[in-house]
Structure formats: structure tokens, C-alpha cells
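S.K.: Make a model of the complete structure from these sequences and hints.
Chain residues, written in single-letter form:
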Amino acid sequence: MKQSVIDPLNNTVDDPTRPTELVLGGQSYTTITETVADIALEQKTPKAWYVAFAFFASLTGVLFLMIGYLIVTGVGVWGLNNPVSWGWAIVNFVFWVGIGHAGTLISAILFLLRQKWRTSINRFAEAMTIFAVVCAGLFPAIHVGRIWLVHWLFPIPNYQAMWPNFRSPLLWDVFAVGTYALVSLLFWYTGMVPDLATLRDRAKGRVRQIIYGTLAIGWRGSHRHWHRYEKAYLLLAGLATPLVLSVHSVVSFDFATSQLPGWHTSIFPPYFVAGAVFSGFAMVGTVLIPARQWFGLKHLITLHHLDNMNKIILATGSIVGFAYATEFFIAWYGGNPYESFAFVNRAFGPYAWAYWTMVTCNVVTPQLFWFKKIRTNIKVMWVMYIFVNIGMWFERFVITVTSLSRDFLPSSWAYYKPTLIDILTFVGSFGLFFTLFLLFVRFLPVIAMAEVKTVMPIADLAGDENRPAGDYHGDIHPKRRKGDK
Amino acid sequence: MAHQRVPSLKDTETMLSSLGPKVFNACLVIGLIGLAAALGLGLAEGDNLRHFGFSYLVNFAFFLSISLGALFFLAIMFITKASWNVVIRRLAEVIAAIMPLLGLLAIPVILLAGQIYGWAQPDARTSHAMAHKAAFLSKDAFIIRWAIYFAIWSAYGLFYWRTSVKQDGSGDVALTRRLENYSGHALVVCSLATSLAAMDLLMSIDFLWFSTIFGVYYWTGGFVTFFAVLTLITLGLQSTGRLTKIVSMEHYHDYGKLMFGFTFFWGYIAFSQYMLYWYANIPEETAWYMLRSENGWGWVALAVLFGTFLAPFCGLLSVQAKRNLGMMAFWAAWIIVAQWVNLYWVVMPEFSHSFTISIMDLAAFFGVGGIWLAGITRLAMGTSLVPLKDPRLEESLRFENV
Numbered sequence: 462m463k464q465s466v467i468d469p470l471n472n473t474v475d476d477p478t479r480p481t482e483l484v485l486g487g488q489s490y491t492t493i494t495e496t497v498a499d500i501a502l503e504q505k506t507p508k509a510w511y512v513a514f515a516f517f518a519s520l521t522g523v524l525f526l527m528i529g530y531l532i533v534t535g536v537g538v539w540g541l542n543n544p545v546s547w548g549w550a551i552v553n554f555v556f557w558v559g560i561g562h563a564g565t566l567i568s569a570i571l572f573l574l575r576q577k578w579r580t581s582i583n584r585f586a587e588a589m590t591i592f593a594v595v596c597a598g599l600f601p602a603i604h605v606g607r608i609w610l611v612h613w614l615f616p617i618p619n620y621q622a623m624w625p626n627f628r629s630p631l632l633w634d635v636f637a638v639g640t641y642a643l644v645s646l647l648f649w650y651t652g653m654v655p656d657l658a659t660l661r662d663r664a665k666g667r668v669r670q671i672i673y674g675t676l677a678i679g680w681r682g683s684h685r686h687w688h689r690y691e692k693a694y695l696l697l698a699g700l701a702t703p704l705v706l707s708v709h710s711v712v713s714f715d716f717a718t719s720q721l722p723g724w725h726t727s728i729f730p731p732y733f734v735a736g737a738v739f740s741g742f743a744m745v746g747t748v749l750i751p752a753r754q755w756f757g758l759k760h761l762i763t764l765h766h767l768d769n770m771n772k773i774i775l776a777t778g779s780i781v782g783f784a785y786a787t788e789f790f791i792a793w794y795g796g797n798p799y800e801s802f803a804f805v806n807r808a809f810g811p812y813a814w815a816y817w818t819m820v821t822c823n824v825v826t827p828q829l830f831w832f833k834k835i836r837t838n839i840k841v842m843w844v845m846y847i848f849v850n851i852g853m854w855f856e857r858f859v860i861t862v863t864s865l866s867r868d869f870l871p872s873s874w875a876y877y878k879p880t881l882i883d884i885l886t887f888v889g890s891f892g893l894f895f896t897l898f899l900l901f902v903r904f905l906p907v908i909a910m911a912e913v914k915t916v917m918p919i920a921d922l923a924g925d926e927n928r929p930a931g932d933y934h935g936d937i938h939p940k941r942r943k944g945d946k
Numbered sequence: 004m005a006h007q008r009v010p011s012l013k014d015t016e017t018m019l020s021s022l023g024p025k026v027f028n029a030c031l032v033i034g035l036i037g038l039a040a041a042l043g044l045g046l047a048e049g050d051n052l053r054h055f056g057f058s059y060l061v062n063f064a065f066f067l068s069i070s071l072g073a074l075f076f077l078a079i080m081f082i083t084k085a086s087w088n089v090v091i092r093r094l095a096e097v098i099a100a101i102m103p104l105l106g107l108l109a110i111p112v113i114l115l116a117g118q119i120y121g122w123a124q125p126d127a128r129t130s131h132a133m134a135h136k137a138a139f140l141s142k143d144a145f146i147i148r149w150a151i152y153f154a155i156w157s158a159y160g161l162f163y164w165r166t167s168v169k170q171d172g173s174g175d176v177a178l179t180r181r182l183e184n185y186s187g188h189a190l191v192v193c194s195l196a197t198s199l200a201a202m203d204l205l206m207s208i209d210f211l212w213f214s215t216i217f218g219v220y221y222w223t224g225g226f227v228t229f230f231a232v233l234t235l236i237t238l239g240l241q242s243t244g245r246l247t248k249i250v251s252m253e254h255y256h257d258y259g260k261l262m263f264g265f266t267f268f269w270g271y272i273a274f275s276q277y278m279l280y281w282y283a284n285i286p287e288e289t290a291w292y293m294l295r296s297e298n299g300w301g302w303v304a305l306a307v308l309f310g311t312f313l314a315p316f317c318g319l320l321s322v323q324a325k326r327n328l329g330m331m332a333f334w335a336a337w338i339i340v341a342q343w344v345n346l347y348w349v350v351m352p353e354f355s356h357s358f359t360i361s362i363m364d365l366a367a368f369f370g371v372g373g374i375w376l377a378g379i380t381r382l383a384m385g386t387s388l389v390p391l392k393d394p395r396l397e398e399s400l401r402f403e404n405v
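Which chain is which? The protein sequence lines are A and B, in order. Adding 461 to a residue's 1-based position in the first sequence gives its number in the numbering used here. Adding 3 to a residue's 1-based position in the second sequence gives its number in the numbering used here.
These are computed hints drawn from the structure, not numbers from a lab. Quantities reported herein were computed from a predicted structural model and do not represent experimental measurements. Glycine included, each C-beta is placed from N, C-alpha and C at the ideal position. Be aware that a few hints might be false.
Said to hold, decoys possible - Mimicking BS3-like on lysine-lysine, the simulated pairs with C-alpha atoms at most 27 angstroms apart in a straight line are:
no., chain 1, residue 1, chain 2, residue 2
1, A, Lys772, B, Lys248
2, B, Lys260, B, Lys25
3, B, Lys84, A, Lys772
Said to hold, decoys possible - From chain A, some residues computed to sit far from chain B (all C-beta separations above 10 angstroms):
no., residue
4, Ser519
5, Val533
6, Thr534
7, Arg575
8, Leu631
9, Ala637
10, Leu646
11, Gly682
12, His686
13, Pro730
14, Pro751
15, Phe783
16, Ala784
17, Gly795
18, Leu829
M.R.: Structure below.
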């Protein structure tokens with residue numbers, strides 16, 4: 462490519478005559494292994510990592526302090542009031558579950574759609590999914606009030622022969638999110654097994670060898686192993702694909718099955734899913750950009766990858782905008798005065814500030830991604846990701862709070878204000894998320910080495926003119942071992 | 004397989020040649036006879052063509068949805084820079100480029116709007132529920148909107164076909180880049196137009212009922228039907244020795260995956276609408292489903308549930324089914340019939356509250372379908388059935404599912 466002469470790390474040039482190179486900088490299998498495995502094994506932990514870890518671990522401490530205070534005192538410590546019985550806890554729950562969607566989309570749907578570029582970012586996204594679901598799961602659990610009875614959420618025949626209400630979407634949530642967490646974890650772990658074996662084989666200390674060895678469950682890389690691994694991966698991808706749709710659809714049912722104006726509308730399920738993917742990609746980008754910078758992964762997570770992610774953000778952001786517009790249109794078209802009031806109230810009522818924050822961050826600013834200059838500008842796109850994160854949190858706030866705060870009876874209208882506890886709990890959940898994330902980047906293979914190797918040109922037996930007919934053996938390109946110049 | 008020789012366009016026939024006029028004439032004759040028969044039967048009923056209007060609407064909406072499916076397929080393929088589809092893309096291009104003809108076929112719907120649409124009835128015009136949207140749901144606004152929809156769809160449909168045909172001669176890579184670049188706004192503009200058009204075409208028959216997901220419901224049905232039609236057309240062409248070797252089992256496997264995937268997606272969308280309305284149980288919303296579940300229509304509803312969703316879902320689940328041409332032909336035909344029944348179930352209960360089906364529906368099906376297919380054949384006759392110099396043609400020829 463012409464462009465590569467100017468900037469060897471820019472592979473965003475559109476050339477329909479050949480597939481885009483996904484791994485840059487003349488990499489071989491060996492260098493990929495070294496780059497990724499060394500982050501976990503060889504590199505000295507950077508000081509910045511300790512600083513960041515101390516900071517976010519303290520925030521996690523704040524989170525658990527707040528939860529402790531909540532349990533000891535009761536949900537009165539939150540800003541909930543009479544009409545607004547669902548506040549930040551639900552908003553945060555939906556926010557975090559949504560963020561978890563990018564992982565499964567990338568690992569399952571993009572896999573089935575043969576999007577090879579996913580290989581460099583899927584490990585990050587899947588890890589993020591798990592951590593986001595952990596954060597999400599906290600909120601409904603602590604919202605139940607008597608948290609010592611939280612096991613009643615599960616359909617276990619308990620001592621009073623009481624069953625949960627199977628007709629409640631809140632119970633469907635327990636199943637949907639539970640299934641999602643389980644399958645995502647399985648997917649993440651299954652995909653990681655070959656890479657964990659690589660870490661095991663390269664680890665120096667006994668302790669590390671034992672830990673990575675246990676996690677690698679005896680992987681030796683035999684043909685039989687690979688055969689079964691790929692089969693399992695494909696099956697998991699097929700099973701996880703409907704989950705991408707189901708989880709946030711069920712979350713949307715929490716709202717949409719009600720009769721409340723602004724909550725009850727048929728487009729909610731797909732609209733929530735699009736919004737979830739939107740926010741998930743933004744969060745992946747938020748953590749991916751610093752990570753690729755710090756760990757020197759720019760030749761693996763290339764501009765082309767980020768460009769593609771930004772296109773998905775543009776597409777899903779536009780779907781979300783389309784849903785906002787459709788809701789508004791039908792609120793008018795349907796002629797139900799309560800429904801149209803709910804929407805006018807959102808846009809021009811006491812929460813107009815939140816509504817317009819949402820519209821600006823979710824619909825207006827992502828439109829800048831129409832321009833390639835912006836899609837490939839690292840600093841600008843990172844700021845855009847932050848905007849999307851803010852916007853998607855506000856979307857859930859607008860949906861939850863505006864519809865509740867002004868219900869059918871004007872005498873009970875009230876304005877919702879979060880308390881300090883609300884705010885610290887939410888901030889603390891970021892602490893938990895980033896603490897887990899920092900542990901992940903420090904100790905696990907952050908890029909799916911085995912998968913990235915399959916999308917390199919040297920893996921394409923038929924497409925490589927340097928390979929003589931019948932030569933199906935590994936790494937024949939210019940070798941670079943440690944110490945070579 | 005990697006070690007086999009990659010097929011080339013020389014291995015097969017890529018022109019319709021003598022087959023073209025035969026299919027064109029046959030379709031045109033069937034179409035004209037079908038329309039004439041439907042119209043004759045409609046006039047014989049002496050109801051100011053009310054029954055004919057509904058019958059025609061079902062079939063117009065059906066074939067329009069397939070061409071819309073083709074248009075969206077092209078936009079998505081270009082925006083994702085997909086390569087597998089190149090060998091069959093010309094077929095999608097002609098199905099989408101037929102939009103101006105569909106615009107002409109929309110004229111009877113507009114002329115008979117007074118017979119079909121609830122909002123056009125004199126007593127509805129003065130009702131309280133109509134007051135705020137009387138200007139929107141009026142004949143003038145209806146005509147203006149349809150003109151806009153077809154201007155948009157025709158412009159994009161013709162753009163894809165013309166640009167691609169142009170590349171057959173020049174092989175200019177810049178044309179591919181233009182096709183990719185235009186697909187972004189194509190998706191935005193066509194999504195808005197299609198969603199609103201679905202509400203105009205089908206939802207506004209009952210002007211009191213509303214559903215925010217309705218546009219997606221109509222679009223998804225058309226999208227899955229498009230893949231079924233594409234499967235049958237490809238099989239048909241191959242049985243006459245055209246496109247053989249270059250369209251391989253790998254491409255059929257992808258058709259199968261897309262049919263399966265969007266069958267599931269259709270079920271998901273239909274469920275989202277039904278379940279939420281059933282659960283909240285608000286009379287103004289459930290009325291639409293009540294009408295469609297009583298007086299015999301309930302059986303049709305079940306046929307829709309099993310026909311469009313459960314049966315093809317099970318049938319297309321396995322790899323073996325997707326790589327078996329007999330099975331693929333069967334399920335493609337099945338989906339076409341089932342999606343037609345779905346639209347019949349959406350439209351017809353508004354005409355008759357108790358179940359009805361007549362020979363006129365069949366005549367209108369062949370009428371609209373015959374003319375639609377004749378138009379598509381006419382477009383396909385002039386050019387190769389494969390984009391000859393697409394830069395991704397080579398990739399598409401050697402495509403394999405891994």
C-alpha cells in the first residue's frame with residue numbers, strides 16, 4: 462500500500478482490490494507471542510499500574526463501604542421518593558449491563574459474520590463484558606432491600622414454599638443476566654485456553670507455572686485439541702448470538718411491559734440492544750486506546766480496528782436516534798395525551814437538561830464519525846467515547862426517572878435528587894470495573910494470540926505466493942527471535 | 004478447497020441470452036392475465052373495488068418488501084466491504100433497481116386508498132381521534148409521501164445497478180469506492196423512508212392503532228423473503244446452466260445462514276410487539292391483535308407463528324440443511340409462502356372480520372408478481388448476470404466457509 466510508506470501503522474486506506482492487513486509492522490508468529498505474553502510474564506509492572514490500581518481499588522473500597530452502609534441502614538439512604546421508586550440503582554444496572562454487550566457482539570456475532578478484525582480486540586471486549594456484568598449484577602441485588610433474602614430471586618423451593626413470580630420481568634432479568642454472565646465467562650475462558658497454555662510454557666516461576674498450568678487444563682496444542690476447540694468455539698458463538706439480543710431485550714421488558722407512558726412501547730427491545738452495543742463499543746474504546754498505547758500494541762490493534770469500531774458506534778448510535786424519533790412520532794401519532802405528555806415533559810420539563818445531554822451525546826456528536834478524519838484521530842475518538850458513555854448513562858436516567866417523577870396524578874409529582882450515597886456507589890462501581898480490568902491486563906493474555914495468528918497472511922496457505930506448493934508448515938517468514946537485530 | 008483450481012467466469016454461462024425473452028414474455032403474460040382476472044373478479048363483487056384493493060395491497064406490499072430487502076442487502080454488503088456476495092450481487096441489483104416499476108404498481112393503492120384505509124372514511128375524518136393527525140393522514144399527504152419514498156428507493160436502486168454495470172466495462176476501482184461511500188447515507192435515508200412507508204402502507208389501514216416497531220416488522224419480513232427469492236432465482240438459473248460452478252455450495256450455505264438468522268430475527272421482532280401488547284393489555288393496542296385472533300383469523304395467526312418462525316427455524320438450523328440444495332429450495336419456497344401469509348394476516352382482517360380467502364388474492368399475486376418479475380428479467384437481459392470486473396470478484400469465486 463502506498464500509504465504504508467508514509468505511516469507504517471496506518472492501514473485505513475480503502476483499497477477494494479486486496480484485503481486490509483490486520484497485523485502491521487512485519488510481525489511473525491514469534492513476535493506476536495512475545496509481544497502479548499511478555500506483558501503478563503516479562504515486563505516489569507509499570508509504576509503507573511500501581512498508582513492506577515491503588516486508586517481504583519480505593520474506589521472499590523468506597524463502593525463496598527456504601528453498600529455496607531446501605532444494608533445496615535436501608536434503601537432510605539438513596540434519593541428515592543414516592544413516585545420515583547426506581548432511581549440510580551436501576552439506571553446503573555442498565556448502564557453496566559449495556560456495556561457488557563460489546564464483548565458478546567464481537568466474540569459471537571462478528572465471528573459468525575467472518576469479521577477477522579475482531580481477533581485483536583475480542584479478548585479485551587470479552588473481559589470487559591464479564592466485569593461490566595459483575596458491576597451490573599450488584600445493583601439489583603442491593604436494591605432488594607432485605608439483601609439477606611436475595612436468594613429468593615432464584616426459583617429454589619425455600620422453607621416457606623414460596624416461589625418467585627414467574628410473570629415478573631424482574632425475574633426474567635435474573636435468568637437473562639445469569640445466563641449471559643455464564644455464557645460470556647465460558648466463551649472468554651474457552652477462547653483463552655490456548656493462550657493460557659502459551660503463558661504456562663513461557664512462565665518462569667513455579668507458582669506462575671502452576672497457576673497458568675491449572676487454567677490451561679492440559680492444553681498441548683494437538684490437532685485433536687484444536688479440532689475440538691474450534692468446534693466448541695463455533696457452538697458457543699451460535700449459542701451466544703441470541704444472547705446478545707435477549708439480555709437487553711429482557712432488561713427493556715422491565716420497563717416496556719408496564720403501562721407507564723414513555724416505558725411501554727414496542728420498539729424497546731431492539732432499541733435497547735442497539736443502545737447496549739453502542740455503549741459497549743464506546744467503553745471498549747475507552748479502555749482500548751490507553752492500553753494499546755501503554756503496552757505497545759499499536760501494530761496489533763491498528764487504526765483500521767478503531768475505524769471499524771467507530772463505524773459500528775456510528776451505526777448503532779444512529780439506530781438509537783432513529784428509535785428516539787420513532788417514539789416521539791408515535792407518541793404524537795397515537796393521540797394518547799399521557800404518552801405525548803411524557804415525551805414533551807422529557808424534552809421540555811424539569812429534566813430537559815438530562816434529555817438534551819442524552820440527545821447531544823448519543824445522536825449528535827457520534828455523527829462526527831461520518832468523517833474519516835475523525836474516525837482515525839485517536840484523541841478525538843477517545844473524547845467521543847467519553848461522550849457516548851455519558852450519553853448512554855443519561856438515556857437510562859431519562860427513561861427511568863422522567864416517566865416516574867410525573868405520573869398520572871399531578872399532586873404526587875416530585876423531583877428526584879440523588880444523595881451522596883447514590884453518587885459514591887456509582888463512582889465506586891467504576892472502581893470495581895477498573896480494578897478487575899487492571900488485574901486482567903496485568904496477568905492474562907490481553908490479545909487472543911492464537912486467533913490473531915490465524916488472520917495473518919502467513920496463515921493463509923493458498924494466498925501466499927512465497928510458499929511452495931505442499932508446504933503447510935508454520936513460520937516461514939523472516940524469523941525474528943529474541944536478541945536478533 | 005484451497006488446492007482446487009479457483010473457478011473463473013469462463014467456466015459458465017453468465018448471460019440470460021435466449022432464456023431472457025422467454026421468461027420475460029411468460030411473466031408479462033401471467034402478470035397481465037393475473038391483474039385482469041383480479042380486477043374482473045373485483046368488479047364483479049360490486050363493492051367499489053374494496054375487496055380488490057385489499058387483495059392488491061397484500062401483494063404489492065409483498066413484492067415491494069422483497070425489492071426493499073434487495074436494496075438493503077446491497078447497502079449492507081457495500082458498507083461492510085463484503086466479498087462473498089459478488090458472484091450473485093447482480094441478481095440483487097436488478098431486484099432493487101426495479102423500484103420505478105414498483106412506483107407505478109403503487110398507483111392502484113393510491114387510487115383505491117378511499118376503499119382501503121380507515122383514515123379515508125368520511126366518518127373517520129371528523130372523529131376526535133383523527134383531529135390532530137388529519138393533515139398527516141390525508142390523501143394529498145399520502146400521495147406526496149409515496150412520491151418521496153419511491154424517489155428515494157428508485158434513486159438508490161438504480162444507482163447500485165447502474166454503477167455496477169458501468170464497472171463491467173471500465174473495471175474502475177473508484178466505482179466500488181463510490182458504491183461503498185454512498186451506502187452510508189443510503190442506509191440512513193432508506194431506513195427512515197421504509198419505516199414510515201410501512202406505517203403508511205399497512206399500519207394506517209387501522210388509523211387508531213400504532214406500534215413503534217412496525218417499520219422494523221415489515222422490513223425484516225421483506226429481508227428474509229428476499230434471501231428466499233434469491234435462493235430460488237439462483238437455483239433456477241443454475242438449472243439452466245447459468246452461473247454454474249461459480250456459485251458454489253459455499254454461497255448457498257451463506258444464503259441459508261442469512262435465511263435462518265433473519266427468520267430468527269423476524270420472530271424476535273414479532274414477539275417483541277406481540278408480547279409487550281399482550282402483557283400491558285391496553286385496549287387500544289390489543290384491538291389490532293384481537294381482530295386478528297378471532298373469527299377464523301386465529302388459525303391464520305398460528306400459521307404465521309409456525310410458518311414464518313418455528314418451522315423454518317427448526318428446518319434451517321443444521322448445517323446439513325443449509326448445504327443441501329433440495330432442502331434449501333424447499334425452505335426458500337416455504338418462507339416465501341409463509342411471509343405472504345403473514346402480510347395477508349396483517350392486511351385482510353381489516354377487510355373482513357371473519358376469515359376469508361378468494362381466488363382474487365391468487366390472481367393479484369400472479370398479477371403483481373408477474374409484472375415485477377418481468378421487469379426484473381428485462382433489466383437482467385441487457386447485461387451479464389455477474390459483475391464482471393468487481394475488484395472483489397476473485398475473492399468471491401474462491402470463497403469458502405471456514
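S.K.: Determine which of the earlier numbered hints do not hold for this structure and return their numbers in increasing order.
M.R.: Per hint list: 1, 2, 7, 13, 15, 16 and 17 violated.
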